[in-house]
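J.: If you read the sequences in order, they're chains A and B.
Note that my numbering has the first sequence beginning at 1, numbered continuously upward.
Note that my numbering has the second sequence beginning at 1, numbered continuously upward.
Errors might be hidden in some of the hints.
SDA-like, lysine to any residue: derived pairs with alpha carbons at most 25 Å apart [said to hold, decoys possible]: (1) 23/B - 154/A; (2) 23/B - 6/B; (3) 54/B - 18/B; (4) 48/B - 20/A; (5) 46/A - 50/B; (6) 43/B - 38/A; (7) 151/A - 11/B; (8) 57/A - 20/B; (9) 54/B - 147/A; (10) 23/B - 65/A; (11) 54/B - 66/A; (12) 54/B - 45/A; (13) 46/A - 12/B; (14) 155/A - 45/B; (15) 171/A - 44/A; (16) 155/A - 6/B; (17) 54/B - 182/A; (18) 54/B - 2/A; (19) 54/B - 71/B; (20) 23/B - 155/A; (21) 46/A - 67/B; (22) 156/A - 64/B; (23) 54/B - 11/B; (24) 46/A - 11/B; (25) 151/A - 38/B; (26) 23/B - 175/A; (27) 149/A - 186/A; (28) 23/B - 11/A; (29) 57/A - 50/B; (30) 7/A - 64/B.
It should be emphasised that the hints constitute simulated quantities derived from the structure, not laboratory data.
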Amino acid sequence: MLAELIKLTNRTENAPILVETIKEFILSKGLVDSISFTPAPIDENKVKGFIHWHRYKPPYGEENTLAEIFYAESLNPCWKRFVCAKELIHLLAPNGTHSVNDGEKLKNLLLGITNNFCEKTDIGAFDDVLAEFFALPVLVPLPLLELVKEKYDDKKINEYGIAVLFRIPEKYVPILLTRHYVNLYNIMGGFCDSEDFKVD
Amino acid sequence: MSEFETLVRNLFAKQDTQTLDFKFFLGSNRDALIEEICGEVNKTFAQKMNGMLKSVEAIDGDICPRSVSEFVQAL
């Protein structure tokens, strides 16, 4: 289902991809009955946000499945979007699952990306970092990124400009500019078979 | 089940609902202690129960997407 969402955002010509689009997609699939976003005075230096997926039966009503996302109200708009998008995508891939057949290759690919990323940003635990990358292919469609990358190579736009265009945290932009992202995108979106690429 | 997961499940079990799953966005907060993270969750739920938190309709409803082709042509 994550691949289906990536294919959906892949067809757009506009940026940024709204979190609302992701929300509507999840609701249309009937995965939950409602989704809410709630800003809270959470200390962003401890946790940026969390999702609570639960069932609730009001005394005189039908049982509902709810996804409540709480996020640190102190985050800037790009971070709020990214935190909420990432938490929503957990509903599509609750166990880090995806649509490709060869999970081991994808894992290796992601490991390559996150290792590069961790070196640059001093981020630790692989599993937690991994989950953040499921949001990128949804929020940054490759066809749009390719247009921007040409201008980046010509030094007409910098990393901050790319972050603003896609409304994502700037720290993720270096990942978008690697060839790993192209592989990640194509595999997670189901645009190529896992045999079509080579993991270094 | 990890100590962290057990602690959080216990926290969520206090809610008047059946928890299906939960996930956290820790980001680069690798130094946060389990107790600190649970404390933030506990605090958030307490504020929710007291009606101090208000959900927003859309997280980015004020953003107007624009054509990327036109954007790059203008660069």
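J.: Now tell me, hint by hint, if it's right for this structure.
T.: Now the hints, each set against the structure:
A C-alpha spacing of about 40 Å is found between residue 23/B and residue 154/A, which places the hinted pair above 25 Å, so the restraint is violated. Proximity of residue 23/B to residue 6/B is assessed by CA-CA distance (about 13 Å); at most 25 Å being required, the pair is judged to hold. In summary, the hint linking residue 54/B to residue 18/B is supported, as the alpha carbons are separated by about 22 Å, within the 25 Å threshold. Among the hinted pairs, residue 48/B with residue 20/A is consistent with the structure: their alpha-carbon atoms are about 23 Å apart, no more than 25 Å.
Only pairs whose Cα atoms come within 25 Å are accepted, and residue 46/A paired with residue 50/B is accepted, the gap being roughly 23 Å. A C-alpha spacing of about 14 Å is found between residue 43/B and residue 38/A, which places the hinted pair at or below 25 Å, so the restraint holds. Between the alpha carbons of residue 151/A and residue 11/B the distance comes to roughly 49 Å, so the proposed pair goes past 25 Å and is violated. A distance of roughly 14 Å separates the Cα atoms of residue 57/A and residue 20/B; the hinted pair therefore holds under the 25 Å criterion.
For the hint linking residue 54/B to residue 147/A, the alpha-carbon distance of about 39 Å lies beyond 25 Å, and the restraint is violated. Taking the CA atoms of residue 23/B and residue 65/A, the gap is near 16 Å; set against the 25 Å cutoff, the hint holds. Of the supplied pair hints, the one linking residue 54/B and residue 66/A holds, its CA atoms being roughly 16 Å apart against a limit of 25 Å. Using a Cα cut-off of 25 Å, the hinted pair residue 54/B and residue 45/A holds, with the two alpha carbons roughly 22 Å apart.
Taking the CA atoms of residue 46/A and residue 12/B, the gap is near 18 Å; set against the 25 Å cutoff, the hint holds. In summary, the hint linking residue 155/A to residue 45/B is not supported, as the alpha carbons are separated by about 47 Å, beyond the 25 Å threshold. The hinted pair formed by residue 171/A and residue 44/A meets the criterion: a straight-line CA distance of about 16 Å does not exceed 25 Å. The hinted pair formed by residue 155/A and residue 6/B fails the criterion: a straight-line CA distance of about 50 Å is larger than 25 Å.
The straight-line distance between the Cα atoms of residue 54/B and residue 182/A is roughly 39 Å, outside the 25 Å bound, and the hint therefore fails. For the hint pairing residue 54/B with residue 2/A, the CA-to-CA distance comes to about 29 Å; that exceeds 25 Å, so the pair is violated. Only pairs whose Cα atoms come within 25 Å are accepted, and residue 54/B paired with residue 71/B is rejected, the gap being roughly 36 Å. For the proposed pair residue 23/B and residue 155/A, the alpha carbon gap of about 38 Å is over 25 Å, so the pair is violated.
Under the criterion of a C-alpha separation no larger than 25 Å, the hint pairing residue 46/A with residue 67/B is inconsistent with the structure, at around 37 Å. Of the pairs offered as hints, the one joining residue 156/A and residue 64/B holds, with about 23 Å between alpha carbons and a cut-off of 25 Å not exceeded. About 21 Å separates the Cα atoms of residue 54/B and residue 11/B, which keeps this hinted pair within 25 Å; it holds. Between residue 46/A and residue 11/B the CA atoms are separated by roughly 17 Å; this keeps the pair inside 25 Å, and the hint holds.
Taken as a hint, the residue 151/A and residue 38/B pair is broken in the structure, with Cα atoms around 44 Å apart against an allowance of 25 Å. Of the supplied pair hints, the one linking residue 23/B and residue 175/A holds, its CA atoms being roughly 23 Å apart against a limit of 25 Å. Among the hinted pairs, residue 149/A with residue 186/A is consistent with the structure: their alpha-carbon atoms are about 17 Å apart, no more than 25 Å. Straight-line distance between C-alpha atoms of residue 23/B and residue 11/A comes to about 29 Å, which puts the hinted pair past the 25 Å bound.
Taking the CA atoms of residue 57/A and residue 50/B, the gap is near 20 Å; set against the 25 Å cutoff, the hint holds. Only pairs whose Cα atoms come within 25 Å are accepted, and residue 7/A paired with residue 64/B is accepted, the gap being roughly 21 Å.
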